[in-house]
Amino acid sequence: GAVVSQHPSWVICKSGTSVKIECRSLDFQATTMFWYRQFPKQSLMLMATSNEGSKATYEQGVEKDKFLINHASLTLSTLTVTSAHPEDSSFYICSRAGATDTQYFGPGTRLTVL
Amino acid sequence: QKEVEQDPGPLSVPEGAIVSLNCTYSNSAFQYFMWYRQYSRKGPELLMYTYSSGNKEDGRFTAQVDKSSKYISLFIRDSQPSDSATYLCAMRVGNEKLTFGTGTRLTIIP
Chain A
1 GAVVSQHPSW VICKSGTSVK IECRSLDFQA TTMFWYRQFP KQSLMLMATS NEGSKATYEQ
61 GVEKDKFLIN HASLTLSTLT VTSAHPEDSS FYICSRAGAT DTQYFGPGTR LTVL
Chain B
1001 QKEVEQDPGP LSVPEGAIVS LNCTYSNSAF QYFMWYRQYS RKGPELLMYT YSSGNKEDGR
1061 FTAQVDKSSK YISLFIRDSQ PSDSATYLCA MRVGNEKLTF GTGTRLTIIP
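Top line first, the protein sequences correspond to chains A and B.
45 is the number that my numbering gives to position 45 of the first sequence; each next residue is one higher, with no gaps.
Basically my numbering = 1-based index in the second sequence + 1000.
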């Protein structure tokens, strides 16, 4: 069964609003979770590494003030897209590390900004 | 040049055929190699995980890694319509981040 869940699965919002996406580790307390973005017909791109109880680590080119990450508990990480614009429309996927150094991905959240 | 190259397809094959999916890479330091399957509008699902060179088999799936050629493959035997999905290769150096290919979209025709 699923080990990582995301909510919502899809969201449509107006330009300029903020959207929060939740990622939950269902079977494992995850000190580290990852956030990816996937544009149509493109690969997954790591946006940031979410660390429980400390600041997230962002990849080069990802605006930390625009993509706010909070990892307040061992089972929940949230990504907030602030002041969303149409170019932020994408498929956002979170993951957590597995026992064999692999990663287990959530089902993804499709964001459409009008 | 991208670190990981993967033909995006689309690739269509008849049901029952053997499917061969491939990735090439440029970073010789990659040690861990994975194949993920992603259905439309879903998150990736781990299919195969291999460390260093060699073959690994799991049911109808076989993963091959040739580090000397910087080339990895995924073979699907007796392909089924339910195998229709996008297949992503991914690789990693130690505990560093995963680097993904762009994915190959596969359709199995009944």
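Heads up, a few of these hints could be off.
What the hints assert, rightly or not - Derived lysine-lysine pairs resembling DSSO-like cross-links, with alpha carbons at most 27 Å apart:
#1 LYS1042(B) / LYS66(A)
#2 LYS1056(B) / LYS20(A)
#3 LYS64(A) / LYS1097(B)
#4 LYS1002(B) / LYS1097(B)
#5 LYS20(A) / LYS1097(B)
#6 LYS1070(B) / LYS1056(B)
By construction, these hints were calculated from the structure, which means they are not laboratory data.
Nothing here was measured: the structure is a model prediction, and the numbers come from that model.
Honestly, which of those hints from before does the structure not fit? Number 2 - this is the single hint that the structure violates.
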